[in-house]
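J.: For the protein sequence lines, the chains are B and S, in the order given. Per numbering that gives the first Met the number 0, the first sequence runs over residues 0 to 445. Per numbering that gives the first Met the number 0, the second sequence runs over residues 0 to 200.
Read the hints as simulated data drawn from the structure, not as lab findings. Glycine is no exception: its CB is placed at the ideal position from the N, C-alpha and C atoms. Please note that a few of the clues may not be correct.
To be verified - Sample of chain B residues facing chain S (criterion: CB under 10 Å; computed from the structure): (1) LEU62; (2) PHE63; (3) GLU65; (4) GLU241; (5) SER244; (6) THR247; (7) VAL276; (8) LEU415; (9) ASP426; (10) LYS430; (11) ARG432; (12) ILE435; (13) VAL436.
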Amino acid sequence: MKKLILILFLISASGFAAPKKKWSGTIPKEGQDPKQWKELIGHFMEKGKFHSALAASLRVQTLFDEVSSKETAYRAIAQVIEKGYTYPLAQVFERADIEPADDSPFVTNYFFYKGKANARKGLDRWASAHFGRIEKDTFPKYRFYQALTLYEKGKLDEAIEQLKPLLDKDFPVEEQLFITKVARTYARLLFEKAEYAKSLGVYDSFLLKTNPMVPSDWLEAAWNLYYLRRYEEALGYLFNLEAASSDTFNTLERYVLRALVYREYCSAPRMQALLEVFESKYGETVVAIKNGLPLAQMAQLKTLKVTENEVYLQATNLKRELAREAQAVGEVPDELSDIAEHFYSTEAKESTAHISLYEDEALERAASQLVTLHENIKFLKFDVEREAYKPEVIFRKKAAAVKPKLQDDGEANFVLHWEQDGEFWRDERLKYRALIVSECGEGPAK
Amino acid sequence: MGMGLLGLFLFFVTPSLANEEAPKNLDGVTVEAVETYRNPKSLELAAGAGIFPLDPYYMGFGLNGGLTYYLSTSFAWEIIGGSYAFSVQKDLTAQLAKDYGVNPDVIEKLEYTVSSNLVLIPSYGKSVIFRSFLQSFRTAFFAGGGLVKTSVSSFPAVSIGFRSDSYLTEAFSWRWEVRDYIAVKDGKNYLSINVGTTVSF
Numbered sequence: 000m001k002k003l004i005l006i007l008f009l010i011s012a013s014g015f016a017a018p019k020k021k022w023s024g025t026i027p028k029e030g031q032d033p034k035q036w037k038e039l040i041g042h043f044m045e046k047g048k049f050h051s052a053l054a055a056s057l058r059v060q061t062l063f064d065e066v067s068s069k070e071t072a073y074r075a076i077a078q079v080i081e082k083g084y085t086y087p088l089a090q091v092f093e094r095a096d097i098e099p100a101d102d103s104p105f106v107t108n109y110f111f112y113k114g115k116a117n118a119r120k121g122l123d124r125w126a127s128a129h130f131g132r133i134e135k136d137t138f139p140k141y142r143f144y145q146a147l148t149l150y151e152k153g154k155l156d157e158a159i160e161q162l163k164p165l166l167d168k169d170f171p172v173e174e175q176l177f178i179t180k181v182a183r184t185y186a187r188l189l190f191e192k193a194e195y196a197k198s199l200g201v202y203d204s205f206l207l208k209t210n211p212m213v214p215s216d217w218l219e220a221a222w223n224l225y226y227l228r229r230y231e232e233a234l235g236y237l238f239n240l241e242a243a244s245s246d247t248f249n250t251l252e253r254y255v256l257r258a259l260v261y262r263e264y265c266s267a268p269r270m271q272a273l274l275e276v277f278e279s280k281y282g283e284t285v286v287a288i289k290n291g292l293p294l295a296q297m298a299q300l301k302t303l304k305v306t307e308n309e310v311y312l313q314a315t316n317l318k319r320e321l322a323r324e325a326q327a328v329g330e331v332p333d334e335l336s337d338i339a340e341h342f343y344s345t346e347a348k349e350s351t352a353h354i355s356l357y358e359d360e361a362l363e364r365a366a367s368q369l370v371t372l373h374e375n376i377k378f379l380k381f382d383v384e385r386e387a388y389k390p391e392v393i394f395r396k397k398a399a400a401v402k403p404k405l406q407d408d409g410e411a412n413f414v415l416h417w418e419q420d421g422e423f424w425r426d427e428r429l430k431y432r433a434l435i436v437s438e439c440g441e442g443p444a445k
Numbered sequence: 000m001g002m003g004l005l006g007l008f009l010f011f012v013t014p015s016l017a018n019e020e021a022p023k024n025l026d027g028v029t030v031e032a033v034e035t036y037r038n039p040k041s042l043e044l045a046a047g048a049g050i051f052p053l054d055p056y057y058m059g060f061g062l063n064g065g066l067t068y069y070l071s072t073s074f075a076w077e078i079i080g081g082s083y084a085f086s087v088q089k090d091l092t093a094q095l096a097k098d099y100g101v102n103p104d105v106i107e108k109l110e111y112t113v114s115s116n117l118v119l120i121p122s123y124g125k126s127v128i129f130r131s132f133l134q135s136f137r138t139a140f141f142a143g144g145g146l147v148k149t150s151v152s153s154f155p156a157v158s159i160g161f162r163s164d165s166y167l168t169e170a171f172s173w174r175w176e177v178r179d180y181i182a183v184k185d186g187k188n189y190l191s192i193n194v195g196t197t198v199s200f
């Protein structure tokens, strides 16, 4: 028995490795001076190379314990976030261990982000302590954060009440991004509450008139129009996503919504056209997926907007933007050129390694969505074609073809109907509508 | 709501491409833009300046103005339009005085013109400037009758012309115009090239 216990002990003990040596590495010579890193971050911020500033700040935060360098890094990160970069905050501020104490806006932002990061991890007491260091009642971001928290919990009415004072407040132009986020959240909350007309009003009166345009706003507004049964306008809004400037918004949802509208119109030819448009864009990738080729070879999958792929897409975007900003490395002052070259060359490798952590799963998800949507469009097309052979549809009176009018020259208002012929005009963005003919007979239910 | 104003501001201050390429349709469906054209109000006041370049003896510089009532999107009545001219003698006048002793004061100089015209507006449009700025415009032909007053006499004239207005807002536009008064008595032309602004209300 003792022998058995001894053997079992030895076997189990063999599973425990000896304590590993703490990981350590040597910072290459070019990157050893924190003062140079601080100057490099300052240069990036000054030149508007915010992705480089963010990546360099993250590097400094990891490499150095010196408080002054860390503070520079956190200040830069906070500023980049202010400019709209959506890098996952939690990772950055979870390990923040400085105690800035001046009265600059950075200090308030710092403790706010730190509180948020702790709250995300469920460390409520720590979160509360950090939030306690800001003027919660007068700090708009805290109110917005509370609204988001309520939204996540499904308390839509309470979330809306939190947002309303922010919407009534006048913000300076520099805070455009913040108020845009607030307005977008408000519109989404109204959509969740099925108050589509109100939600659409937020997009039409504000979000879709604000530059730079956010392509997802067209899609969200189009969903409102769909539920309001204003299908011609819904298609018109989706038409905006066909602009060259919306190319980077690589979402499949636009096809889903178009297919749903064509179904309402019982329009088999439009479904067929949609299928052809979809296949001309994604057909080769779909075939490659079905043939079992490696997903990593399919460039389209890497940019496809899939909700669950957010972290992966952010990482690939950061890598892309860093490569773009690195092209202007020659602008860096001579005394910083060594560290800048070291930074860009090592960052490219690090980004690639970082992306590879997420890539397989992200590409699997994108491939799955692409193939599923392709099948769904084919199924919907079949469904619509089948509908067309129902006797009640066949013998219904067909709706007249719609033609664009050149002009409606009323005395007071002068309404023009410009038929689109391969160009977008900035001032027409909110005015597109599709001239679609219903195949159902009397048209879709209004 | 504060954001409404902010949105409006950003819409105008943030540069972006005014137009770009797009597909001709969406899945074979024709897409149209339904737009209420920037249509000025019905009453319009114009003011500007111009030159009368055709007189061989004098260069005329004019200050002009007008009042127009828009009957519809295609027709308008320029109730009154006129120009007061300041003349500056050309080299030829000085040469005549020097070589032949011609007194410049005896040479007929334009003093003012006044007319009333029917305006036809054949085209409205939009242009994009440097792919960044959109500009609405409309063009018009006009014709009517009026009076030309010179330093020697006054006489009736037929007035004709062409103009183009580029709108900054519904209330203001820049205008350029070519206007000719043709004297009924002898067919002499008093052509002017004018630029100015209009205010609609």
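J.: Each hint needs a verdict: does it hold in this structure or not?
T.: Consistency of the hints with the structure:
{"no.": "1", "hint": "LEU62", "in the structure": "37 Å, violated"}
{"no.": "2", "hint": "PHE63", "in the structure": "38 Å, violated"}
{"no.": "3", "hint": "GLU65", "in the structure": "39 Å, violated"}
{"no.": "4", "hint": "GLU241", "in the structure": "5 Å, holds"}
{"no.": "5", "hint": "SER244", "in the structure": "6 Å, holds"}
{"no.": "6", "hint": "THR247", "in the structure": "14 Å, violated"}
{"no.": "7", "hint": "VAL276", "in the structure": "6 Å, holds"}
{"no.": "8", "hint": "LEU415", "in the structure": "5 Å, holds"}
{"no.": "9", "hint": "ASP426", "in the structure": "5 Å, holds"}
{"no.": "10", "hint": "LYS430", "in the structure": "5 Å, holds"}
{"no.": "11", "hint": "ARG432", "in the structure": "6 Å, holds"}
{"no.": "12", "hint": "ILE435", "in the structure": "5 Å, holds"}
{"no.": "13", "hint": "VAL436", "in the structure": "9 Å, holds"}
Of the hints listed earlier, those the structure fails to meet are numbers 1, 2, 3 and 6, in rising order.
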